[in-house]
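Visitor: For chain A, the structure is supplied; the task is to place chain B on it using the hints.
First to last, the sequence lines map onto chains A and B.
When we follow our numbering, the leftmost residue of the first sequence carries the number 1, and every step to the right adds one.
When we follow our numbering, the leftmost residue of the second sequence carries the number 1, and every step to the right adds one.
Check before you lean on any hint, since a few could be wrong.
[Claimed, not checked] List of simulated lysine to aspartate or glutamate pairs, EDC-like, C-alpha gap at most 16 Å:
| id | chain 1 | residue 1 | chain 2 | residue 2 |
| --- | --- | --- | --- | --- |
| 1 | B | Lys138 | B | Glu101 |
| 2 | A | Lys149 | B | Glu102 |
| 3 | A | Lys149 | B | Glu101 |
| 4 | B | Lys10 | B | Asp68 |
| 5 | B | Lys161 | B | Asp133 |
| 6 | B | Lys138 | B | Glu102 |
Hint data in this document are derived by calculation from the structure and do not stem from the laboratory.
Bear in mind that the values here come from a model prediction, so they are computed numbers and not experimental data.
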Amino acid sequence: MSSFTEAVVLQVGISVLLALGYWIAVSTGKYSFGHTAFMAIGAYTASILTLNFSWPLPLAMLASGAAAAVAGALIGWMALRLSMLYLAIITFIFSQLVNLLISQWEYVGGASGMIGMTGTTVPLVLGCVLIVVAYLVLLSRSRLGLAYKAIREDERAATASGLRITRIAVGAFATSAAVTGVAGALSAHQLMVINPELFGPRQALLIILYCVLGGVEYFWGAALGAVALSLLPIYFDWLNEWYEIVYGLLFVALMIVRPQGLIGRRGGGRIRLPRIPAGRERESVG
Amino acid sequence: MAPEREELLKVTNLRAGYGRVTGVADVSVEVRRGELVAVLGPNGAGKSTVLRAVSGMIRPWGGGVALDGRDVTGMRSDLLVRAGMVHVPEGRRVLPRLTVEENLRVGAFTRRNRPAVRAALDEVFDRFPRLRDRRAQKAGTLSGGEQQMLVIGRALMARPKLLLLDEPSLGLSPLLVREVFAMIRTLAADGQTVLLVEQNVAQGLAAADRGYVLTAGRVTASGASAELSADPSLLRGYLGSGE
Numbered sequence: 001m002s003s004f005t006e007a008v009v010l011q012v013g014i015s016v017l018l019a020l021g022y023w024i025a026v027s028t029g030k031y032s033f034g035h036t037a038f039m040a041i042g043a044y045t046a047s048i049l050t051l052n053f054s055w056p057l058p059l060a061m062l063a064s065g066a067a068a069a070v071a072g073a074l075i076g077w078m079a080l081r082l083s084m085l086y087l088a089i090i091t092f093i094f095s096q097l098v099n100l101l102i103s104q105w106e107y108v109g110g111a112s113g114m115i116g117m118t119g120t121t122v123p124l125v126l127g128c129v130l131i132v133v134a135y136l137v138l139l140s141r142s143r144l145g146l147a148y149k150a151i152r153e154d155e156r157a158a159t160a161s162g163l164r165i166t167r168i169a170v171g172a173f174a175t176s177a178a179v180t181g182v183a184g185a186l187s188a189h190q191l192m193v194i195n196p197e198l199f200g201p202r203q204a205l206l207i208i209l210y211c212v213l214g215g216v217e218y219f220w221g222a223a224l225g226a227v228a229l230s231l232l233p234i235y236f237d238w239l240n241e242w243y244e245i246v247y248g249l250l251f252v253a254l255m256i257v258r259p260q261g262l263i264g265r266r267g268g269g270r271i272r273l274p275r276i277p278a279g280r281e282r283e284s285v286g
Numbered sequence: 001m002a003p004e005r006e007e008l009l010k011v012t013n014l015r016a017g018y019g020r021v022t023g024v025a026d027v028s029v030e031v032r033r034g035e036l037v038a039v040l041g042p043n044g045a046g047k048s049t050v051l052r053a054v055s056g057m058i059r060p061w062g063g064g065v066a067l068d069g070r071d072v073t074g075m076r077s078d079l080l081v082r083a084g085m086v087h088v089p090e091g092r093r094v095l096p097r098l099t100v101e102e103n104l105r106v107g108a109f110t111r112r113n114r115p116a117v118r119a120a121l122d123e124v125f126d127r128f129p130r131l132r133d134r135r136a137q138k139a140g141t142l143s144g145g146e147q148q149m150l151v152i153g154r155a156l157m158a159r160p161k162l163l164l165l166d167e168p169s170l171g172l173s174p175l176l177v178r179e180v181f182a183m184i185r186t187l188a189a190d191g192q193t194v195l196l197v198e199q200n201v202a203q204g205l206a207a208a209d210r211g212y213v214l215t216a217g218r219v220t221a222s223g224a225s226a227e228l229s230a231d232p233s234l235l236r237g238y239l240g241s242g243e
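In isolation and in its complexed conformation, chain A is listed as follows (with noise of 0.2 Å):
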């Protein structure tokens, strides 16, 4: 394999990684928009461990899952009882305030980052995005898969069939957040350099859209969209700063065409506001 041909293999494979990951909360109908502080913490975290304390990257990698699941469930435990909105505002501001964070602290170079790092294989990578298709495929056949749906359907119904909303969805949120965080740590060691900028609005941005440009209702659309958004700018590069311009308009075309993303029925998988949170709806008391 070229070298160029393994660069292209480890860009894709990272994204689809950032996609499915991403999947798994949208398919509770949780849109976060800070994964990307998911994303640090799992690339800080494993290039600590390797740098710092020579660890292996696959151990490290586990431990970035972890750190990232941890932070996912606290994220969850605050905001998953609230509504879309709130949901969103306080991801944003999560990412945020990671952001400031290791911008700020000197032990992993501050804004200019750290640098070194290696060790991002193509089986390491095709290996993890592996895993976590198997995963889903034996998600959506289970019980806990069925539970995803139903939240995302009707909080209300699902609780009055005894499912424990909140439970469910900050489960699904930290295992949404576990991924990313080892998508981040596999980004960090095949990039060799860090720094807080990589983890901005722009790369949130970047993973929703895969999952937009796929479609929302299966996990592989959203992997088909992070195929289709990571080649494009390496085979397209000639459009130079007109890309995103480029791109701009075909999202929007795209969203009028298709709204329900390239994989997916029409009123299928499109994006649909939640209702307004239970117990605050409008009630006719009687």
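Guide: Same frame as chain A, now just chain B:
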């Protein structure tokens, strides 16, 4: 085994509401095993609030709820489902993008015994053959009457001792209202204990064994359905307190 208690649900002096608004001031209701009991009253009388406080959807402010002799006041709704009390919220809340079968399986979420879930699914399909025909169809594409069947079927998947139905006739055509009530009547005839909240007094009383009339958060009349139907003051009270 302990002898079965006659009363399955005993609600005593329940108080509940939303924020600072009291919906239910003082309500005591009893449901005996095998009964179909209706809580009737005008819009705003607090009927749904009673049901929500009983089923753990909201926390009661005071009073007590006992299921089968066990105090379950303020218990989490998932534990109440496991204890045998399942609430069908108003407004036919099907899970629109899930199939009919998936909807039903969500109803059995608290049960881990696969063969038992399988059997419950067959039972619901036997009761509602139209759901069997449409088992692979998205629930959002069903008609209003079929959706009402589905949400009741979903509740039955948990094999409840007590089924709580919140305004099952809401928003249905008169023809479908009759169909839904016939369905509830059949359920009760098969031994299912039901507590029903209903704004449609005539239909509610026609279906139920006993009724409670709620006005402004208090029980203002109660008794056998036949007695209540014969009482003209009930109708007057109902209209007089309407919004």
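Visitor: Compare the structure with each hint and give your call.
Guide: Here's how the hints hold up against the structure:
no. : hint                : in the structure
1   : B/Lys138 - B/Glu101 : 9 Å, holds
2   : A/Lys149 - B/Glu102 : 10 Å, holds
3   : A/Lys149 - B/Glu101 : 13 Å, holds
4   : B/Lys10 - B/Asp68   : 8 Å, holds
5   : B/Lys161 - B/Asp133 : 27 Å, violated
6   : B/Lys138 - B/Glu102 : 9 Å, holds
Checked against the numbered hints listed earlier, the structure breaks hint 5 alone; every other hint is satisfied.
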